Amino acid sequence: MSDVTQVPEARVLPAPRSAASTIRYWPWFAALLISAVLPWLFYDWQHARHAGFVVSVLSQTGMMIIFALSFNMLMGQAGLLSFCHSVLFGLAGYSTVHFLNAAGAGELPVPMELVPLLAGLAGLGFAIVFGYVATKQRSTAFAMITLGIVQLVTTAATMFHHFFGGEGGIQTDRMIGRSLFGLEYAHSIEVYYLIVAWMMIAAIGMYFHTNTPLGRMANACRDNHERAQFVGYDPRMVRFVQFALSGFYAGIAGGLFAITYEIVTFDAVAAPLAANALLMAYIGGATTFFGPVLGAILITLMQSGVSLMSNSWLVYVGVLFIAMVTFAPAGLTGIVLEHAPIARAGLLRRLVLPYARGLLPGLIVLLGFVGMVELLSFLTIGQAQGKRFVLFGSTIDVHGVMPWLISLVFLVGGGVWLRREAIAFKRVWDGLTDIARQGDAPMGESG
Amino acid sequence: MTAPGLSLVEVTKNFGQTEIIRGVNLNVAAGERHALIGPNGAGKTTLFNLISGRFAITSGEIRLDTVRLDGLPPHRINRLGLSRSFQITSIFHRLSVLENIRCSLLWSRGYRYSFWHALGRQRALNEETERLLVELNLAERRDVQAGLLSYAEQRALEIGMTIAGGASMILLDEPTAGMSHSETEYAVALIRRVTQGKTLVMVEHDMRVVFDLADTITVLVYGRVIASGPPAEIRANPAVQEAYLGALAA
Amino acid sequence: MQVGLISLLDGLVYGMLLFMLASGLTLILSMMGVLNFAHASIYMLGAYFAYQIDQWVGFWPALVIAPVLCGAIGAAIEVWGLRRVHHNGHIAELLFTFGLVFIIGRGVQMTWGMLPMPYRVPASLDFPLFTLYGENFPAYRGFMLLVSAGMLLATWLLLKKTRIGLIIQASLTHPGMVSALGHDVPLVFTTVFAGGSFLAGLAGVIAGNYLTTESAMADAMGPIVFVVVIFGGLGSLAGCFIASILMGMVQTFSVVIDYSFADVVKPLGVTIASNDLLGEILTIPVSRIGPLVPYALLILILVLRPRGLMGTRET
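If you read the protein sequences in the order shown, they are chains A, B and C.
Sequential numbering of the first sequence, starting at 1040, is according to the working numbering.
Sequential numbering of the second sequence, starting at 77, is according to the working numbering.
Sequential numbering of the third sequence, starting at 237, is according to the working numbering.
Errors might be hidden in some of the hints.
What the simulated footprint calls covered on chain A by chain C, stretch by stretch (three residues with Cβ under 8 Å from a Cβ of chain C suffice, anywhere in the stretch; the number is not a length) [claimed, not checked]:
| hint | stretch |
| --- | --- |
| 1 | 1197 to 1210 |
| 2 | 1363 to 1372 |
Short, incomplete list of chain B residues facing chain A, as computed with Cβ under 8 Å [to be verified]:
| hint | residue |
| --- | --- |
| 3 | Q93 |
| 4 | T94 |
| 5 | E95 |
| 6 | R98 |
| 7 | G99 |
| 8 | L156 |
| 9 | I164 |
| 10 | H169 |
| 11 | C179 |
Don't read these hints as lab results, they were simulated from the structure.
Just so it is clear, the structure is predicted and the values come from calculations on it, not from any experiment.
In this text, a Cβ means the ideal position worked out from N, Cα and C, and glycines have one as well.
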């Protein structure tokens, strides 16, 4: 045992590797490539045109990725739960409509490719105004101020006509005739690539931000605002600047929204959209940078896909949300990361069988639940609307006993089976975690 | 930067009707190692909270050399050169050990609210971070999430974060609380080393640490100073013996 | 003058209704730290249950049964839902209630359909109570006032005169201490949640036929109730009461004021045109801008006095 009073030899090590310098850039290139290629997978070669629905969904996803990432600058990174993020998005959207109208009339000599930048600056401006008020508080009081802001702006948006166009919103034409690349943006695929470009720029920008002094101090203030004060920082200023920057990126998303749909209504500032951002960030995983990206993709797909198939998609969202909040508060990426210690110990393979055993009962429960919800929905709403429950081409009699019985059996029976498998799974998981932890244990302390 | 002195003049603090600090006069000389002792509930941590701006004083004055501290927000006080550690470990528990130290250096290195500097590329900053990690014997643990460290490691990190910013007036609130004998020895050596040339005020219950480190001891009982002076004087003081040390012989 | 008196009474009725809703919510928020987004949804359930029971049995049974059902649902949510999520933090609890909003909202639509329900004022109460300057004051509004005042009194008695009430009061301001003293805090929580839901359900029963019973009613009431709770301050029912009456009055009176800022300065010779945003703001009559006022007040008070009107603590 060495003399503890001796100064450990101070070796000057090379600058430690940090996240920024070990970015292996390949995931970014892969993302860019995939985004660029995706629409072509659905291209109609016979008629030489793109699948409109696919391009629309992809465009929406791109915008939402930016929006969700900017929201997580507040929630995940700074610990600020903001219900007014849609306000920054929407007000930038409204501003963009005015920009485009001005550009179309020849008053604003800005090429289309830079319009999202203007939108971002508008978002920044609004974020400075609202943020000045909201960031005076933190934690719950902050959340409540943002609740007030979103209601205020939404109500105002339906009232005033000059900026907001009242309840009907305002419209524009994106063919402003100015482009750095000579594009007209008449086709939605061109707009899609504009979105992809700005999505990459925004994502890279926000990723870079996480490893800057302000980005780190935002994390620090989230963890412990008192300690942050005692390393010299004013937590209020940190919150304020972080809020402003998140508004910049939300603004970019809002601008792209205006360009894509050429109309902005009060829905773009309203609470449901802010709730959407919360949903995406939370379900994807607020504790990682890419969680919101995953969440944005998932939620947008669900919204577009499931809502086509079922009117009750909100119920499924609600249930998914509740399930995640109860069992997986760190989101999907959180679940993935929880496997890390087990993966490091090389024991991942031992989970394959337990997972497989839970797959079938899980599926059955899902079918049972969906069955019940859809049956109920068609029994009441569908009837009134004259719709019939059609599954794989055959009509299901909503009044008959059989469909109800099957769904109930699936739900309850599957539930019981799943619970048994879940308990067994937990046992295996705990066992593997113990083994993995023994490998990681720090050296025993001397003395 | 020369070590500053700290002076408290007739400082009182009431919480509602309850008087916690009842007219404390305290002088800490520049470069001194000053221990603040007293029974539980005497108001030692409250005094720290008043000095560091966490609470507002009811009346009196607190000065760092000639600058008035009372009424300033904590981060302003910190920027004037005073830093403190907390009784209950106060670190950034979700950040890595390295990030904790690095964040403690940012303001004093002039980074302020920058969102354009890539932290990975700041050579001088990262070298200083590394040096501190080695000094605190935490270099092996640099990528571990701070909340997962052992208790003693967290206390070492806490001390490190307190002195990282180059503060010259250091307040340590029970730095060795809950430590084993060897951990305490290590902590004392660390404290002695890192507070070289600075002024130190320390709340402590472990008398061996107090008599080992302190140049001056102040005894606080029920919100009042009952004695203040060098260790030998305090040990021999009958009022102190009665109130606190009991029958502890020299 | 005539406008004033009837509006005053209307404002009082609306304010008391708000208080019935807000009191439950402020109890839940102050004690458990949970921002219960589903509170307005339970209010909606109260209205729908009342309609259904009214169809089957009658209004007076509905008045009793529907709130009890809502209370039971509240208890169920707390015991089987919130308790499990509690250890994940306040945000998780908030998000949980958030998910419930979707489910209850859609559930209501699936059970009763998308159209508003013809939930009517009972015939026995459908007459003018008195006439003031030619304006009728319906008896049903008097009834609403009676019920809400009675409920207020009962709640006050419960809190001040019973043991459980004492514990609840203490938990409002010092939940940690109450737990440390050995009281069964989970039981207290469940009781408060159930009680709050009961009140919300009762509010739904008496408001459902006064306003409309439809699936959007939760969204219409929800935000304003939050404003009241936060404005009044955490841990204070008195503050909540004052805020409720204030907001009730503001909402009611703003609807009858047809003047705008421009109208006020016009006699001074200043004409304001409405052809830009600023002009629009200055020429819009107060009756149209009314809905904005509560939110503006909310932001103002959170900035100036984050505890709210009479709040005892901040979070």
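Verification of the supplied hints:
no.: 1; hint: 1197 to 1210; verdict: holds (count 5)
no.: 2; hint: 1363 to 1372; verdict: holds (count 3)
no.: 3; hint: Q93; verdict: 27 Å, violated
no.: 4; hint: T94; verdict: 23 Å, violated
no.: 5; hint: E95; verdict: 25 Å, violated
no.: 6; hint: R98; verdict: 26 Å, violated
no.: 7; hint: G99; verdict: 27 Å, violated
no.: 8; hint: L156; verdict: 10 Å, violated
no.: 9; hint: I164; verdict: 11 Å, violated
no.: 10; hint: H169; verdict: 6 Å, holds
no.: 11; hint: C179; verdict: 5 Å, holds
Hint compliance for this structure: hints 3, 4, 5, 6, 7, 8 and 9 are not met, and every other hint is.
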